[in-house]
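These protein sequences, in sequence, are chains A and B.
Residue numbers for the first sequence follow this note's numbering, so the first one is 4 and each next one is one higher.
Residue numbers for the second sequence follow this note's numbering, so the first one is 2 and each next one is one higher.
To be clear, the hints were calculated from the coordinates, so they are not data collected in a lab.
Don't take each hint at face value.
[Unchecked claim] Listed next, the in silico SDA-like pairs over lysine to any residue satisfying Cα-Cα at most 20 Å (straight line):
hint	chain 1	residue 1	chain 2	residue 2
1	B	Lys66	A	Ser173
2	B	Lys53	A	Arg225
3	A	Lys275	A	Gly48
4	A	Lys275	A	Asp247
5	A	Lys275	B	Ile61
6	B	Lys53	A	Gly230
7	B	Lys66	A	Ser135
8	A	Lys88	B	Ala37
9	B	Lys54	A	Ser135
10	B	Lys66	A	Gly50
11	A	Lys275	B	Ala37
12	A	Lys131	B	Ala37
13	B	Lys66	A	Arg225
14	B	Lys66	A	Thr274
15	B	Lys53	A	Tyr83
16	A	Lys88	B	Arg90
17	B	Lys66	A	Met139
18	A	Lys275	B	Thr95
19	A	Lys153	A	Ser173
20	A	Lys275	B	Lys76
21	B	Lys53	A	Gly50
22	B	Lys54	A	Ser71
23	A	Lys275	B	Gly59
24	A	Lys101	A	Gly48
[Unchecked claim] Computed spacing ranges between beta-carbons, pair by pair:
hint	chain 1	residue 1	chain 2	residue 2	range
25	A	Thr86	B	Glu148	45 to 53 Å
26	A	Gly230	B	Pro125	28 to 36 Å
27	B	Gly59	A	Leu214	46 to 54 Å
28	A	Thr274	B	Asp120	53 to 61 Å
29	B	Ser60	A	Ile180	35 to 43 Å
30	A	Ile54	B	Leu168	23 to 31 Å
31	B	Ser60	A	Leu89	26 to 34 Å
32	B	Ser60	A	Leu214	40 to 48 Å
33	B	Ser60	A	Thr125	32 to 40 Å
Backbone N, C-alpha and C fix where the C-beta goes; we use that ideal spot for every residue, glycine too.
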Amino acid sequence: MRNRLFATQLAVIINAFIALIPVTITVPAFAAPITLDTALPVARGEGLLKIQSIYMRSTRDPTSMDRSLAVWAFPFVIGYGVTEKLALFGIFPILDKKIDISTPAGRISRGDTGLGDSTFITRYTAWKRDWSAETMRIAPFVALKVPTGKDDKTDGQGPLPQPIQLGSGSWDPALGIVATWQTLNRQIDASVSYAFKTEANDFQFGDVARLDVSYQHRLLPRELGEGVPGFVYGVLESNLIREDKSRVGGVKDNDSGGTTWYLTPGVEYVTKRLVVEAAVQVPVVQELNGNALENDYVVILGIRGNF
Amino acid sequence: MLKRIHFIQLLLAAGIVFLTFAQAQAQVHTLTVTVAGMSCPFCAFGVEKRLKKVEGVGSITVSMKDGTAAMSARKGQSINFSQVPAAIRKAGFTPGTVRVVVSGTVKADDKQRLFLQFDSEHLPLAELKEPLREELLSRVMSGEPVEVRGIVHQEMDGTWTLLPESLSPVPK
């Protein structure tokens, strides 16, 4: 009985601070911004391949349980321009989730590694205006997260709590809109999105609303020469994320969800065929519900190419 | 009799050489198109990729600073300029002015409208002003091939016209 009660408490605690992980890893960028999408075009018949390495760490535990969370995510993103306006993307993340927690029986570690849930996105450029060396575009998008990740992993403690599983088991649609203004010197992207979470395995993540803004400023070369030189951009992004409470067995988990505002400084090197990027997401505001564990930081490294 | 046959053979050979030379010279050598909206290196790739599919295009040089893509024809081929705007649009951008260097023969129809004949195309010459028109008329009389620099433009009815900016003899 005591063990069962402990397992329930543990599951609730884990739920509380795992809940924001999918938010971070299922909304990768496809072009110039690092943590959000862009409305820039993918040419008809052009393909994109992007690989990111995302490390998220959370250790600031207000309780005596000394909780520690580390998540590695390697999302592989494939994009294809069906037409000059319609682009399709598939995101296939490899995940490594690990949580350490102090219990009366000692320090325990739980987690799993493998393919997570995949996301498919359709983006359509609904409006554009081009000028000389300047463009402005607006593109709505719809997404569907499909349960390709394993969601029934068990260890010595029993079945892993749902948020520790690689997959949620649920089919989650999302929609949003992104606007981009780009010149040779700078670029601004702004995106609003909403993800509807559905129930699976008696668990339901809270819906997620996001407001993302990215500013990129060309640092090098200062003067443009002939041809297509590589650009070095300084990047500053803002991610405002609001997540509803999760539901366990239909009951709201008061230690889940909340609002987080990240500021994300970064740098990008952009050539004709390749983009290399690095950024750190720093949580500036974390208004999380209950005893949820706060994020320390998220490190993002990425490389993308076109073919 | 034998000398006469040799002479005819010589004439035929000369004719073939002349026709081959004229054919090789009669083409769109280079083309430069402005690409509105192209403002990052990553975007330039899509433009290049689509332009490489245009018939006759050999090399492409994109200039971010000028917002242009300059193309040279493959050896012995002519760039199909009419495919260029669609290629830019397929890359997701907006095509602007298309400037060409084209060599051909200036001809006139029975209404004294001028056009440039090259390959199998008859490209009407439009917006002609003096002294360019006078110079073109003299080329009609002489029948000499000429190299024209100008802007190709698609009319509302879909036909293409050439707005000549300058003329020069075909380089030998």
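Hints, one by one, checked against the model:
{"no.": "1", "hint": "B/Lys66 <-> A/Ser173", "in the structure": "violated (48 Å)"}
{"no.": "2", "hint": "B/Lys53 <-> A/Arg225", "in the structure": "violated (30 Å)"}
{"no.": "3", "hint": "A/Lys275 <-> A/Gly48", "in the structure": "holds (16 Å)"}
{"no.": "4", "hint": "A/Lys275 <-> A/Asp247", "in the structure": "violated (41 Å)"}
{"no.": "5", "hint": "A/Lys275 <-> B/Ile61", "in the structure": "holds (13 Å)"}
{"no.": "6", "hint": "B/Lys53 <-> A/Gly230", "in the structure": "holds (17 Å)"}
{"no.": "7", "hint": "B/Lys66 <-> A/Ser135", "in the structure": "holds (10 Å)"}
{"no.": "8", "hint": "A/Lys88 <-> B/Ala37", "in the structure": "holds (16 Å)"}
{"no.": "9", "hint": "B/Lys54 <-> A/Ser135", "in the structure": "violated (24 Å)"}
{"no.": "10", "hint": "B/Lys66 <-> A/Gly50", "in the structure": "violated (25 Å)"}
{"no.": "11", "hint": "A/Lys275 <-> B/Ala37", "in the structure": "holds (17 Å)"}
{"no.": "12", "hint": "A/Lys131 <-> B/Ala37", "in the structure": "holds (11 Å)"}
{"no.": "13", "hint": "B/Lys66 <-> A/Arg225", "in the structure": "holds (12 Å)"}
{"no.": "14", "hint": "B/Lys66 <-> A/Thr274", "in the structure": "holds (14 Å)"}
{"no.": "15", "hint": "B/Lys53 <-> A/Tyr83", "in the structure": "holds (18 Å)"}
{"no.": "16", "hint": "A/Lys88 <-> B/Arg90", "in the structure": "holds (10 Å)"}
{"no.": "17", "hint": "B/Lys66 <-> A/Met139", "in the structure": "holds (18 Å)"}
{"no.": "18", "hint": "A/Lys275 <-> B/Thr95", "in the structure": "holds (19 Å)"}
{"no.": "19", "hint": "A/Lys153 <-> A/Ser173", "in the structure": "holds (11 Å)"}
{"no.": "20", "hint": "A/Lys275 <-> B/Lys76", "in the structure": "violated (26 Å)"}
{"no.": "21", "hint": "B/Lys53 <-> A/Gly50", "in the structure": "holds (16 Å)"}
{"no.": "22", "hint": "B/Lys54 <-> A/Ser71", "in the structure": "violated (54 Å)"}
{"no.": "23", "hint": "A/Lys275 <-> B/Gly59", "in the structure": "holds (19 Å)"}
{"no.": "24", "hint": "A/Lys101 <-> A/Gly48", "in the structure": "violated (40 Å)"}
{"no.": "25", "hint": "A/Thr86 <-> B/Glu148: 45 to 53 Å", "in the structure": "violated (38 Å)"}
{"no.": "26", "hint": "A/Gly230 <-> B/Pro125: 28 to 36 Å", "in the structure": "holds (35 Å)"}
{"no.": "27", "hint": "B/Gly59 <-> A/Leu214: 46 to 54 Å", "in the structure": "holds (48 Å)"}
{"no.": "28", "hint": "A/Thr274 <-> B/Asp120: 53 to 61 Å", "in the structure": "violated (37 Å)"}
{"no.": "29", "hint": "B/Ser60 <-> A/Ile180: 35 to 43 Å", "in the structure": "holds (39 Å)"}
{"no.": "30", "hint": "A/Ile54 <-> B/Leu168: 23 to 31 Å", "in the structure": "violated (54 Å)"}
{"no.": "31", "hint": "B/Ser60 <-> A/Leu89: 26 to 34 Å", "in the structure": "holds (30 Å)"}
{"no.": "32", "hint": "B/Ser60 <-> A/Leu214: 40 to 48 Å", "in the structure": "holds (45 Å)"}
{"no.": "33", "hint": "B/Ser60 <-> A/Thr125: 32 to 40 Å", "in the structure": "holds (36 Å)"}
In summary, the structure is inconsistent with hints 1, 2, 4, 9, 10, 20, 22, 24, 25, 28 and 30 from the numbered list given earlier, while agreeing with the others.
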